[in-house]
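Colleague: Sequence:
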Amino acid sequence: KREALVGYLLKSKGFSSHMTNWAFDLLRITDNRPDGSTANNEPYRTWVRTAMTNNMPWDKFTDSLIASSGDGWDPKTAAVGYYTRDRGMPLDNLSNTMRVFLGARMECAQCHDDPFGTTERHDFYELAAFTHGQTSINQPLMKPLWDEVADDQQKRAEEYRVAQILWDRIYGMSLGGGGAGQIKLPDDYQYRDGTPGEMVGARTPFGKAVRMSEKKEDTDGRKKLADWIVTKTEDQFPTVIGNRMWKRVMGKGIYEPVDDYLPPQKTVHPALVTYLGKLMIDLEYDLTAFQHVLLLTRTFQFGTNPNASVVEGGDDFHGRKIERLSSEQIWDSLITLAAGDPDKKPGRTLDDRIYFGNKPVLTGKKTMSQLSKEVLALKSEAEVRTYFNKLVADVKSGGAEGAANASMSMGMSMNATRRYDRDAMVRASELPSPAPREHFLYLFGASDRDVIDGASRDPNVGQVLSLMNGFVQKELVNKSSADLYKALQGATSEKEKIRRLYIAILNRPPTDEEMGWMMDEVKKQGDAGYRNIVSALVMSSEFLFLQ
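Oh and the sequence shown: position 363 is 363 in the working numbering, straight run, nothing missing.
Warning: the hint list may mix true and false statements.
[Stated by the list, open to error] Each computed EDC-like pair below joins lysine to aspartate or glutamate, with the alpha-carbon atoms no more than 20 Å apart: (1) LYS184 with GLU198; (2) LYS278 with ASP227; (3) LYS344 with ASP423; (4) LYS223 with GLU120; (5) LYS143 with ASP168; (6) LYS474 with GLU514; (7) LYS208 with ASP220; (8) LYS495 with GLU514; (9) LYS486 with GLU475; (10) LYS247 with ASP316; (11) LYS486 with ASP527; (12) LYS390 with ASP147; (13) LYS266 with GLU256; (14) LYS76 with ASP220; (15) LYS223 with ASP92; (16) LYS390 with ASP123; (17) LYS60 with GLU234; (18) LYS184 with ASP260; (19) LYS208 with ASP86; (20) LYS495 with GLU513; (21) LYS359 with ASP260; (22) LYS223 with ASP86; (23) LYS379 with ASP168; (24) LYS266 with ASP235; (25) LYS366 with ASP343; (26) LYS208 with ASP187; (27) LYS344 with ASP260; (28) LYS266 with ASP227; (29) LYS247 with ASP260.
[Unchecked claim] Simulated restraints, written as ranges between beta carbons of each label pair: (30) THR231 with MET539: 47 to 55 Å; (31) VAL6 with VAL268: 20 to 28 Å; (32) GLY7 with ASN532: 17 to 25 Å; (33) SER481 with VAL6: 31 to 39 Å; (34) GLN154 with MET539: 47 to 55 Å; (35) PRO34 with GLY197: 28 to 36 Å; (36) ARG508 with PHE206: 44 to 52 Å; (37) GLY7 with ASN32: 35 to 43 Å; (38) ASN32 with SER456: 19 to 27 Å.
No wet-lab data here; the hints were simulated from the structure. Every residue gets a Cβ at the ideal spot worked out from N, C-alpha and C, and that includes glycine.
Whole structure, please, built from the sequences with the hints as guidance.
Modeller: This is the structure in structure tokens:
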């Protein structure tokens, strides 16, 4: 029965949603770009979510991100969002790449030799050469036009907003250049193994050596870096993701932190780490199949242990540690009680409508995907100007119609495009990212997705206030139409109603002692007593913590 249940759950929408949240946190995926431009990460977010839903093998997923190039709105190349999300910060992006996929902490080496590790600044720049030379496809063709319109944006407001569509949301979301393979050392380079401004070629710092010449600019550096990470770092790549998956299932990595790699022989359980790396390869980097194996182990089947046995440098995994559910898990549980099965609601889809200001335009005539393909194919400044002038005319001629029929166009397009606002009763993976600061998800520690794995499960006063006076009371406890209360229909006694509430919220009937307490509450408060019971149960440690 256990094996059948595990298999069933791993095929559920809830599991793919949970994996999507994990990937969003790991890759710092937000709806909008942190650089303040009007560009967004919508196609990239959709690409990652689709990859998690379809269980794309981790090696293919990694290669697709790191070797990406092309049109940001094309579903086949939308993985370029991995780089354009950090546009203007290529060195930060590289250090994050090494940390995410190889558990190598190199951020210190951007500025100086790492005093606590083995990475020197020269090593870091040689590695950065693989991804150097990131450009936007054909964007220089629009530069003169952009400067003209931007310099006079007050008088040419409509033209400026149309220009933003092209400059930010098309050119700015594309990625050209495949990786130059060469880079200049910075002006403040301070060591004897190089001079400021010196051109250095790409070279990998460990694993099987991969080099590129400093004497000529190349076009396949990103592809070579991706291939090196996935296939030429020996056991590091598979064991790092294996340890990440172990932590997801068991609550704690075999070694911690999971993004600071340790060779198997330096861990407390070298045979286990080695085996997990081999298992990951044998399963062809299938993360669902890998987790399936872990979920069927005796180690996972042990009950949660508040006092896990500890050995030097780690523990013996005789029981998962007790910890609070993630903010996304709590949210998904609450909206299920409030609004019913969330998996019956349609999922969020790519919004590729063309927005002029905050309103969609040219609805039914052209999408962002089509517009991007046409714009990136333009080959001269003259072609860009001609296309721009026609687009301005089309938007203006359709602007009045679009404004007058905004609600209708929005409604008509919902069959193809679904986006949920921050208060929608849908799974966390469907909501805007990151959650607003006043939202339940943020209060309970959801990542702001500025840093890798930035979520927290630590308690704070805001969580208590939210449970007592916020979303829980408004949308669940005091809302008579909440889906949870449908469970009371047909119950013929007070005890039966209490039992149904317990099963719905805690997945178990009340003990005799608990039944006595709850009966006293109902007798004193009448129907209000049932609301008090719901409030108490959803604020209980049993509901909020992984048991």
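Colleague: Which earlier hints can't be squared with this structure?
Modeller: Violated hints (numbers, rising): 4, 6, 16, 18, 19, 21, 25, 26, 27, 28 and 32; every other hint is consistent with the structure.
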